[in-house]
Amino acid sequence: MQKIYPNAEAALEGLLFDGMLIAAGGFGLCGIPERLIDAIQASGVKDLTIASNNAGIDNEGLGKLLRTRQVKKMIASYVGENKEFERQYLAGELEVEFTPQGTLAERMRAGGAGIPGFYTKTGVGTQVAEGKEVKTFDGDDFILERGIRADLAIIKGWKADESGNLVFRKTARNFNQPAATSGKVCVAEVEEIVPVGSLDPDSIHLPSIYVKRLILGAPYDKKIEFRTVREREAA
Amino acid sequence: MQKIYPNAEAALEGLLFDGMLIAAGGFGLCGIPERLIDAIQASGVKDLTIASNNAGIDNEGLGKLLRTRQVKKMIASYVGENKEFERQYLAGELEVEFTPQGTLAERMRAGGAGIPGFYTKTGVGTQVAEGKEVKTFDGDDFILERGIRADLAIIKGWKADESGNLVFRKTARNFNQPAATSGKVCVAEVEEIVPVGSLDPDSIHLPSIYVKRLILGAPYDKKIEFRTVREREAA
Amino acid sequence: MATQVEAKGWDRNQMAARAAKELKDGYYVNLGIGIPTLVANNIPQGMTVTLQSENGMLGIGPFPYDDQVDPDLINAGKQTISELPNTSYFSSADSFAMIRGGHIDLAVLGGMEVSETGDLANWMVPGKMIKGMGGAMDLVAGVKKIIVVMEHTSKNGDPKFIPECTLPLTGKNVIDMIITDLAVFQRPDHDSPFRLIETAPGVSSQEIREKTTAHYVE
Amino acid sequence: MATQVEAKGWDRNQMAARAAKELKDGYYVNLGIGIPTLVANNIPQGMTVTLQSENGMLGIGPFPYDDQVDPDLINAGKQTISELPNTSYFSSADSFAMIRGGHIDLAVLGGMEVSETGDLANWMVPGKMIKGMGGAMDLVAGVKKIIVVMEHTSKNGDPKFIPECTLPLTGKNVIDMIITDLAVFQRPDHDSPFRLIETAPGVSSQEIREKTTAHYVE
Chain A
50 MQKIYPNAEA ALEGLLFDGM LIAAGGFGLC GIPERLIDAI QASGVKDLTI
100 ASNNAGIDNE GLGKLLRTRQ VKKMIASYVG ENKEFERQYL AGELEVEFTP
150 QGTLAERMRA GGAGIPGFYT KTGVGTQVAE GKEVKTFDGD DFILERGIRA
200 DLAIIKGWKA DESGNLVFRK TARNFNQPAA TSGKVCVAEV EEIVPVGSLD
250 PDSIHLPSIY VKRLILGAPY DKKIEFRTVR EREAA
Chain B
50 MQKIYPNAEA ALEGLLFDGM LIAAGGFGLC GIPERLIDAI QASGVKDLTI
100 ASNNAGIDNE GLGKLLRTRQ VKKMIASYVG ENKEFERQYL AGELEVEFTP
150 QGTLAERMRA GGAGIPGFYT KTGVGTQVAE GKEVKTFDGD DFILERGIRA
200 DLAIIKGWKA DESGNLVFRK TARNFNQPAA TSGKVCVAEV EEIVPVGSLD
250 PDSIHLPSIY VKRLILGAPY DKKIEFRTVR EREAA
Chain C
672 MATQVEAKGW DRNQMAARAA KELKDGYYVN LGIGIPTLVA NNIPQGMTVT
722 LQSENGMLGI GPFPYDDQVD PDLINAGKQT ISELPNTSYF SSADSFAMIR
772 GGHIDLAVLG GMEVSETGDL ANWMVPGKMI KGMGGAMDLV AGVKKIIVVM
822 EHTSKNGDPK FIPECTLPLT GKNVIDMIIT DLAVFQRPDH DSPFRLIETA
872 PGVSSQEIRE KTTAHYVE
Chain D
672 MATQVEAKGW DRNQMAARAA KELKDGYYVN LGIGIPTLVA NNIPQGMTVT
722 LQSENGMLGI GPFPYDDQVD PDLINAGKQT ISELPNTSYF SSADSFAMIR
772 GGHIDLAVLG GMEVSETGDL ANWMVPGKMI KGMGGAMDLV AGVKKIIVVM
822 EHTSKNGDPK FIPECTLPLT GKNVIDMIIT DLAVFQRPDH DSPFRLIETA
872 PGVSSQEIRE KTTAHYVE
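These protein sequences, in sequence, are chains A, B, C and D.
Here our numbering is used: the first residue of the first sequence is 50, the next is one more, and so on.
Here our numbering is used: the first residue of the second sequence is 50, the next is one more, and so on.
Here our numbering is used: the first residue of the third sequence is 672, the next is one more, and so on.
Here our numbering is used: the first residue of the fourth sequence is 672, the next is one more, and so on.
Because the hints were derived from the structure by calculation, they are not lab data.
All C-beta atoms in this analysis are idealised placements derived from N, C-alpha and C, irrespective of residue type, glycine included.
Treat each hint with caution, since some may be false.
[Claimed, not checked] Derived EDC-like pairs: lysine to aspartate or glutamate, alpha-carbon spacing no greater than 16 Å straight-line:
| no. | chain 1 | residue 1 | chain 2 | residue 2 |
| --- | --- | --- | --- | --- |
| 1 | D | Lys802 | A | Glu144 |
| 2 | D | Lys802 | A | Glu133 |
| 3 | B | Lys261 | B | Glu282 |
| 4 | A | Lys261 | C | Glu693 |
| 5 | D | Lys802 | A | Glu146 |
| 6 | A | Lys181 | A | Glu130 |
| 7 | A | Lys132 | A | Glu240 |
| 8 | A | Lys271 | D | Asp682 |
| 9 | B | Lys261 | D | Asp696 |
| 10 | C | Lys802 | B | Glu144 |
| 11 | B | Lys181 | B | Glu142 |
| 12 | A | Lys208 | B | Asp251 |
| 13 | A | Lys271 | A | Glu109 |
| 14 | B | Lys181 | B | Asp200 |
| 15 | B | Lys132 | B | Glu142 |
| 16 | B | Lys233 | D | Glu822 |
| 17 | C | Lys799 | B | Glu135 |
| 18 | D | Lys799 | A | Glu135 |
| 19 | A | Lys132 | A | Asp96 |
| 20 | D | Lys802 | A | Asp270 |
| 21 | C | Lys679 | C | Glu878 |
| 22 | A | Lys272 | D | Asp741 |
| 23 | C | Lys802 | B | Asp251 |
| 24 | D | Lys799 | A | Glu130 |
| 25 | D | Lys679 | D | Glu822 |
| 26 | D | Lys802 | A | Asp190 |
| 27 | B | Lys184 | B | Asp200 |
| 28 | A | Lys208 | D | Asp776 |
| 29 | C | Lys802 | B | Asp96 |
[Stated by the list, open to error] Quick list of the computed label-pair ranges, beta carbon to beta carbon:
| no. | chain 1 | residue 1 | chain 2 | residue 2 | range |
| --- | --- | --- | --- | --- | --- |
| 30 | A | Ile53 | D | Met718 | 21 to 31 Å |
| 31 | C | Asp682 | B | Arg279 | 45 to 55 Å |
| 32 | D | Asn713 | A | Glu142 | 19 to 29 Å |
| 33 | D | Lys799 | A | Phe186 | 31 to 41 Å |
| 34 | B | Lys272 | C | Asp682 | 55 to 65 Å |
| 35 | D | Asp696 | A | Val278 | 48 to 58 Å |
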């Protein structure tokens, strides 16, 4: 069983179709599946619905797919820092389902865990609750949110072994883990592929069962949105 | 902020009351919070409802609390291998809420995650579904299950740092992780307490926020229910 | 007659071997206790099959050598086991997210009764001590394909593949394939009837008809 | 008058310092962007307070030195940060399980409007580009205690602590304490009215009454 593909294009072969739902990992530009986004752009697949916390920035991340008008709808919690997004949204060319960040993460996790719906207090009494079932548990109101089961999940990891066991690095884990589980198929790109047995079995963030196809995406030129630093005290 | 207590009795001080709901980690006799169970037995607290996958065996694990009649009700998925349990159950002295193993794990996880209810296909059309709301999502029936928010969670870990970050070892993780999150307060016992900074921040199974009190429970004489081995081939 | 049946049907290991024919390269599989466990010994050479244990492990290895027994390393049957190079551990919540979420390709379970519409009963007998369903209800509800391996008839000779289960259900309309000591039944989806696709050596279709009360096609 | 107010009220850092007085030893805290971030600079010496970042981190350290900037290590505001010896990382799903589940002791957020019944509006202005609520709705719904830090009045001098929010809500009946540049309001529970418990140096209760349309007790 070979999970390793030579490149992103090969790894996505046969998985893309117009109108599909894709779950994408990443938070801002941290831990985004760059190679896979590039290959989706190159494929020309269109009318995509994408579930992702953010929508990239102009010309970075999912911003690339917005620029080429391949996206019909975004399910996201925060879409600032993206002028083309703003233009399409205000022109009514792009549909957006604003979902609270935690609800979005849980919707992906639920979809991947066979849970079609769950109740949360997040958004009760706000626009987010409109059209949703409200149920009272122990005297408090909660709204019903739906699990997200994506046709495809695209994620970026740090290291994977050849069987597909995968680990993330620092805050680049973010939505990559729940997005991966939400996909009927998950394709992962990583910075390093290591032999089976190299990773600590107690410290696998994403067991191999979730990683159906894998590519080595390195080298990466990781982008930073806000570079904030402090001065070193004089010795 | 000192989380480390000298022993189980001290760590439980002020947390126990009659009629309380306790979530306990462990699977069979693997990864059970032995020291804390002993201290609960010694405290004499009674009318307990305990959510735990199993109920121990005679004189081991939660079996100890059954023997002393401190348990009013068990929420469990499998209670074999326990004669005293069987006796009390058949005599109507002990109430049991049988919950499918995955539903029990998810109920703990949900309770800890602020989710009072979720839908699952597990148990649809069976006795487990009796009295529960059924809802149809995309043509399939699901039943509503409730999150468990315990008054106290007791768990067994492998190592913790002094701030409460905790890791488990191999299959001893099991219910310890979801049980920990389900507790309004979680008390953990571990085999080793290490200085802050000793554990890999990418590999913490239970972040310190969940561990309110901590004891060193070592040395442990870990029990095995079914010792199964293979022969070494002759050289 | 019962002794005749045992002589000419499949034995436990042969039933497990028959179930193992349903494995495919790359499959992630959960095996129940009893005959299903024997499927692990019948994985074809060169095929990668990864075994899952509900208590939080992917990549179950064989029983350990005597000096490598580890109380922290057990399977869902609470037996000591060993790990493999591709093993990963996770919590029970994550384990059943995997199961319930449809990520496991195949589960092989034992059964007391299966109905002609694919209901399974295998967790309790009214009047006897209830031990609990463990993870069985989650497995049948979540795993992509469910195979039941069981004797064709009870010790009294009563059929176990029947029109409707008499025992409390583990799952409703969940079984894809039934492997008994005498025959194999399969259905392509959960709306279709089971079809008799195979009989054990020396067993006739006629004999299967006589020992089965469930409706099935041939 | 506006200039007078600024002269005699609390400045941004003083507002953050006031919020920091609500910290307790052992607290786990989430700080929003803007003034709330400054609370981190005001944690009393010797007190252990662990900061959470929604994107999956407990134990936020200070901004990194220039040569230690790591693109894989950012806070929820997408700023580069550093880690501490007690840091742990986890997924966004686990992060919000922590938030929604009531495990975080305190969150300090900015606000556009707060109603007298504790509603908060801070995520969108109709007619303007909507950027999204990010994690704000989850925080106000899940965290044990919510403090809003905001200017007492808008740039036009309009009160921001008002009878009912005019902007779309972030959360209904969720705020426990309001710290403005002029005063502090608090309520013991979500059924009680807010009480004016403090005014900034040089600010009278009379002035607060004039600049507040929300009902509160003194």
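Verification of the supplied hints:
1. D:Lys802 x A:Glu144: It holds: about 13 Å lies between the C-alpha atoms, which stays within 16 Å.
2. D:Lys802 x A:Glu133: 13 Å, holds
3. B:Lys261 x B:Glu282: Measuring from Cα to Cα gives roughly 49 Å; hence the hint is violated.
4. A:Lys261 x C:Glu693: 20 Å, violated
5. D:Lys802 x A:Glu146: 12 Å, holds
6. A:Lys181 x A:Glu130: Given pair Lys181 (chain A), Glu130 (chain A) is violated - Cα atoms ~29 Å apart, limit 16 Å.
7. A:Lys132 x A:Glu240: 30 Å, violated
8. A:Lys271 x D:Asp682: Violated, because 37 Å separates the two Cα atoms, which is more than 16 Å.
9. B:Lys261 x D:Asp696: 13 Å, holds
10. C:Lys802 x B:Glu144: 13 Å, holds
11. B:Lys181 x B:Glu142: The hint is violated at about 25 Å.
12. A:Lys208 x B:Asp251: 12 Å, holds
13. A:Lys271 x A:Glu109: Distance of about 11 Å is within 16 Å: holds.
14. B:Lys181 x B:Asp200: 24 Å, violated
15. B:Lys132 x B:Glu142: The hint holds at about 14 Å.
16. B:Lys233 x D:Glu822: 35 Å, violated
17. C:Lys799 x B:Glu135: 10 Å, holds
18. D:Lys799 x A:Glu135: 10 Å, holds
19. A:Lys132 x A:Asp96: Roughly 20 Å between the alpha carbons, so the hint for Lys132 (chain A) and Asp96 (chain A) is violated.
20. D:Lys802 x A:Asp270: 27 Å, violated
21. C:Lys679 x C:Glu878: OK: Lys679 (chain C) and Glu878 (chain C) at ~12 Å, within 16 Å.
22. A:Lys272 x D:Asp741: 10 Å, holds
23. C:Lys802 x B:Asp251: Status violated; Cα separation ~39 Å.
24. D:Lys799 x A:Glu130: Between Lys799 (chain D) and Glu130 (chain A) the Cα gap is close to 14 Å, so the pair holds against 16 Å.
25. D:Lys679 x D:Glu822: 13 Å, holds
26. D:Lys802 x A:Asp190: The given pair, whose Cα atoms are some 27 Å apart, is violated under the 16 Å limit.
27. B:Lys184 x B:Asp200: 30 Å, violated
28. A:Lys208 x D:Asp776: 34 Å, violated
29. C:Lys802 x B:Asp96: The hint is violated at about 22 Å.
30. A:Ile53 x D:Met718: 21 to 31 Å: 50 Å, violated
31. C:Asp682 x B:Arg279: 45 to 55 Å: 21 Å, violated
32. D:Asn713 x A:Glu142: 19 to 29 Å: 46 Å, violated
33. D:Lys799 x A:Phe186: 31 to 41 Å: 35 Å, holds
34. B:Lys272 x C:Asp682: 55 to 65 Å: About 34 Å separates the Cβ atoms of Lys272 (chain B) and Asp682 (chain C), which means 55 to 65 Å is violated.
35. D:Asp696 x A:Val278: 48 to 58 Å: Since Asp696 (chain D) and Val278 (chain A) have Cβ atoms about 30 Å apart, the given range 48 to 58 Å is violated.
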